[in-house]
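There are 2 protein chains.
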Amino acid sequence: MDDKNKNNLIKMSLEGVRIEVPSQKPIILLKEEGGNRYLPIWIGAFEASAIAMEISDIKTPRPMTHDLMVNILEILDCKIKKIEITKIKDNTFYAIIRMENNNEEELEIDSRPSDAIALAVRCNCEIYAEEKVIKSAGLEIQSIEEEVDKFKDFLDNVYPEDFKKEE
Amino acid sequence: MDDKNKNNLIKMSLEGVRIEVPSQKPIILLKEEGGNRYLPIWIGAFEASAIAMEISDIKTPRPMTHDLMVNILEILDCKIKKIEITKIKDNTFYAIIRMENNNEEELEIDSRPSDAIALAVRCNCEIYAEEKVIKSAGLEIQSIEEEVDKFKDFLDNVYPEDFKKEE
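From first to last, the protein sequence lines stand for chains A and B.
No gaps in the numbering here: position 123 of the first sequence is 123 in our numbering, and each next residue is one more.
No gaps in the numbering here: position 88 of the second sequence is 88 in our numbering, and each next residue is one more.
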C-alpha cells in the first residue's frame, strides 16, 4: 500500500563531483548503495569545489567556508548525524541536515544539497535520499561495468536544462 | 610605551565590496570608525558575493552557505558577538569570530576575514581590526570628500599583487 507521506530513505554514496562538464556547471553524482540507481544534482561551482577538495584530500592553509562551519559545530559540541535529500519542488532539490546538540537533542536544518554534502564529506556522515526523489530524478543503470562508458558519454553530453536543478 | 603584544582593537565599518575590479579579484574595504584609515582586503569571488548579497538585501529562495551557517548558529542558540581582523602573516589576513554559546561561555574561532565579515553583516555584529594590521596594510585618506575620486581611481588601477592578500 502506497503512502505518499511516508518517509522512505535510501542510503546513498557520493560517486563524485564533476567540476567541468561542457556546460561549465558542476554536478554531484549520488549512487544508491547496493543498487543501480544514480541521482545527479547540478550545483554551484563553489560548493562543488568545496566537495571535491575534501574528497580529494586537498588541504588549504586557511579554513575554507565549510571547514569553518565544521569547526564551529565542533566547538559547540554539535554533531551532524546524517543528511537527507528530501524533495524536489519547482526543479529545486531540498535537503535536511540532522544534528545532535550538546544536550543530545536532535535538530534539523533546511539546506541546499550541495552545502549538506560538503558538510557530510567532512564529518563522514551518511547520505540519504527519499525514494520519491530518486524515482523522480534518478537514473537507472543495470550493469555498472558495461554501462560506465555509456554513462560517462552521457555526462559529457548532457546539459543542466535536461535535469532537475538545485537552484 | 609600546607593547607589541597588547591588543589594540579599532572599530571598523564595512565600506563596501567591489566584485569586479579590473583584476577580476574582489576587494572588501573596511573603514576606521571616526577616522580616516581604510583597510582593503582581497577576497574570493564567492565570499565577496556572499557579503554583497547581504548588504544589498538580495534574498535568495534557498539558504546560501553563510545563511546556512547563521541558521545553524541560531538553532544552537549561539550568538556572534564580534569579529576581529587580528593579524597579517605571510601576506595572509587572519580573523577571529567571537561567539557566546547557550551557556553564555565565550568562544573564539579562527576564520578568514571574508567568512567572518559575511557572518558579521548577517548578524549585525561589530567589526574590529588590530591597530598593527591597519598600520601594516591600511591606507590613510585625509579628506574623504576630496579624496574619494582619487581613491576610486586607485581602486580601478590597483592589482592584487600590490596588496597583502587573504590567501
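Any given hint could be a false lead.
The calculated DSBU-like cross-link candidates involving lysine-lysine, where the alpha carbons are at most 35 Å apart (straight line), are [unchecked claim]:
#1 B/Lys31 - B/Lys11
#2 A/Lys79 - A/Lys89
#3 B/Lys31 - B/Lys82
#4 A/Lys59 - B/Lys59
#5 A/Lys31 - B/Lys11
#6 A/Lys25 - B/Lys11
#7 A/Lys87 - B/Lys11
Per label pair, the in silico range of CB-to-CB distance [what the hints assert, rightly or not]:
#8 A/Lys81 - B/Glu131: 39 to 47 Å
#9 B/Glu131 - A/Ala45: 23 to 31 Å
#10 A/Asn7 - B/Lys79: 46 to 54 Å
#11 A/Leu139 - B/Glu15: 24 to 32 Å
#12 B/Glu100 - A/Lys11: 18 to 26 Å
#13 B/Ala45 - A/Glu100: 54 to 62 Å
#14 A/Glu15 - B/Lys132: 42 to 50 Å
#15 A/Leu9 - B/Asp153: 36 to 44 Å
#16 B/Asn124 - A/Glu15: 39 to 47 Å
#17 A/Lys132 - B/Lys87: 45 to 53 Å
#18 A/Glu108 - B/Leu107: 21 to 29 Å
No wet-lab data here; the hints were simulated from the structure.
Remember, it's a predicted structure, so these values are computed and weren't measured experimentally.
Beta carbons are placed, not taken as given, at the ideal position from N, Cα and C, and that holds for glycine.
A quick look at each hint next to the structure:
For the hint linking B/Lys31 to B/Lys11, the alpha-carbon distance of about 9 Å falls within 35 Å, and the restraint holds. Proximity of A/Lys79 to A/Lys89 is assessed by CA-CA distance (about 28 Å); at most 35 Å being required, the pair is judged to hold. For the suggested pair B/Lys31 and B/Lys82, the alpha carbons sit about 16 Å apart, so the restraint of at most 35 Å is met. With a CA separation close to 32 Å, the supplied pair A/Lys59 and B/Lys59 stays within the 35 Å bound.
Distance hint between A/Lys31 and B/Lys11 is unfulfilled; the C-alpha atoms sit about 50 Å from each other, more than 35 Å. Distance check on the hinted pair: A/Lys25 and B/Lys11 sit about 40 Å apart at the alpha-carbon level, beyond 35 Å; violated. Only pairs whose Cα atoms come within 35 Å are accepted, and A/Lys87 paired with B/Lys11 is rejected, the gap being roughly 44 Å. Distance hint check: the CB atoms of A/Lys81 and B/Glu131 are about 44 Å apart, consistent with the given range 39 to 47 Å.
As the Cβ distance of B/Glu131 to A/Ala45 is approximately 38 Å, the hint placing it in 23 to 31 Å is violated. Against the hinted window of 46 to 54 Å, the Cβ-Cβ separation of A/Asn7 and B/Lys79 comes to about 33 Å, which falls outside the hint. At roughly 49 Å, the beta-carbon separation of A/Leu139 and B/Glu15 lies outside the given 24 to 32 Å, and the hint is violated. Checked against the given bound of 18 to 26 Å, the beta carbons of B/Glu100 and A/Lys11, roughly 37 Å apart, lie outside it.
Distance hint check: the CB atoms of B/Ala45 and A/Glu100 are about 34 Å apart, inconsistent with the given range 54 to 62 Å. Taking the beta carbon of each, A/Glu15 and B/Lys132 are about 48 Å apart, inside 42 to 50 Å as hinted. A hinted range of 36 to 44 Å for the beta carbons of A/Leu9 and B/Asp153 is inconsistent with their spacing of about 58 Å. Taken as a hint, the range 39 to 47 Å holds for the pair B/Asn124 and A/Glu15, whose Cβ atoms sit roughly 41 Å apart.
For A/Lys132 and B/Lys87, the hinted distance range of 45 to 53 Å is satisfied, since their beta carbons lie about 51 Å from each other. In this structure the hint that A/Glu108 and B/Leu107 lie 21 to 29 Å apart at CB holds, the actual value being about 23 Å.
Checked against the numbered hints above, the structure violates hints 5, 6, 7, 9, 10, 11, 12, 13 and 15; every other hint is satisfied.
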